[in-house]
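> Produce the entire structure from the sequences given, and follow the hints as far as they go.
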Amino acid sequence: MPSSARTATLRDAVGLGVAVGLYGVAFGAAAAGAGLDTWQAVATSALMFTGASQFAMIGVLGAGGGAFSAVGSALLLGTRNTVYGVRLAPMLALRGWLRRAGAAHWVIDETTAMAVAAPDRELGRLAFWVTGATIYLGWNATTLVGSLGAAALGGTAQAALDAVVPAAFLALLWPRLQRSAREPGVQRRVALGGAVVALALTPFVPAGVQVVLAVVAVALAGRPRTAASPREGAA
Amino acid sequence: MSTGTLWAVVLVGSLGCYLLKLAGLSVPAAWVERPWVTRVVEFVPAALLAALVAVQAATSGPDLVVDGRLVGLAVAAVALALRAPFIVVLVLAGAAGALVHVVTG
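Protein chains in written order, with the numbering used here: chain X, 1043 to 1277; chain F, 5 to 109.
The hints are simulated quantities; they were obtained by calculation from the structure and are not laboratory data. All the pointers check out, no bait thrown in.
Computed beta-carbon distance windows for the label pairs:
1) F:V106 to X:G1057: 36 to 42 Å
2) F:P32 to X:L1089: 26 to 32 Å
3) F:G65 to X:L1190: 25 to 31 Å
4) X:P1245 to F:G109: 24 to 30 Å
The beta-carbon is built from N, C-alpha and C at its ideal position, and this holds for glycine as well.
Here you go:
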């Protein structure tokens, strides 16, 4: 029943898009707390359009971090999308640079997950475009709402917002630490390492730099393990 | 940070993130699908997000501090463990932070 599969794909794509679009309120409010005005918050959602990178950027800015740390942490999280693009390219079969340039903007966690989970290539393409369009509209609209709402907050509400930002990062991190994730034990050690290194460096380096250094330190600590797996495969 | 610098961060960061996306659709798959690349990409988010959780919840400039944010984080962790939806987690964390602010004044 291809038409019912099509309907199911459309329904899932729109449903996920609406749900994810709501996260934009949290981003808009957090961006305002980090010192971005409404135009800057909306521009970030419209132009960067990859949630974790956006949160990382304002997280560093909110902690008083410098421009390089802010951009660097956004780019570190943005590398995921490169891998997603490699996976999506054969499915999307984009002809011409214009279509490729357009599709690239919507290569994110959710569109990739929906496209890869679809039962065939055609539905995969449909899922990619519909999820991308729904999230793009919702994410930008709710960023505006969140940014304008936060501007009207008083002291107690500001304290509430300060507590919301780390909770939002924890919510993004949480699924990676669960048993259903790939290699949850390694993910947990990596997460613990990142947090400990970042806190330990906080008194000694400019704000925001500790976040980038924590990632570098954890990546270097994991190096022997990464070198070991291909050799095992070869042997 | 000046408005101009903030705009530069937003625009340069956005351009970089876009080029990372475009690269995935454009480069030969073999360039990216190397074991060490996929390995690093798989684990960078956990390290970065955990570092951000720690810095956002327990630091202020160069100081380590304990305030309502840490209480909010603990509440969020309990809510996540109980599989509460994202928005509920944020509301509970915010309420806890606001409560500590009111109580400690």
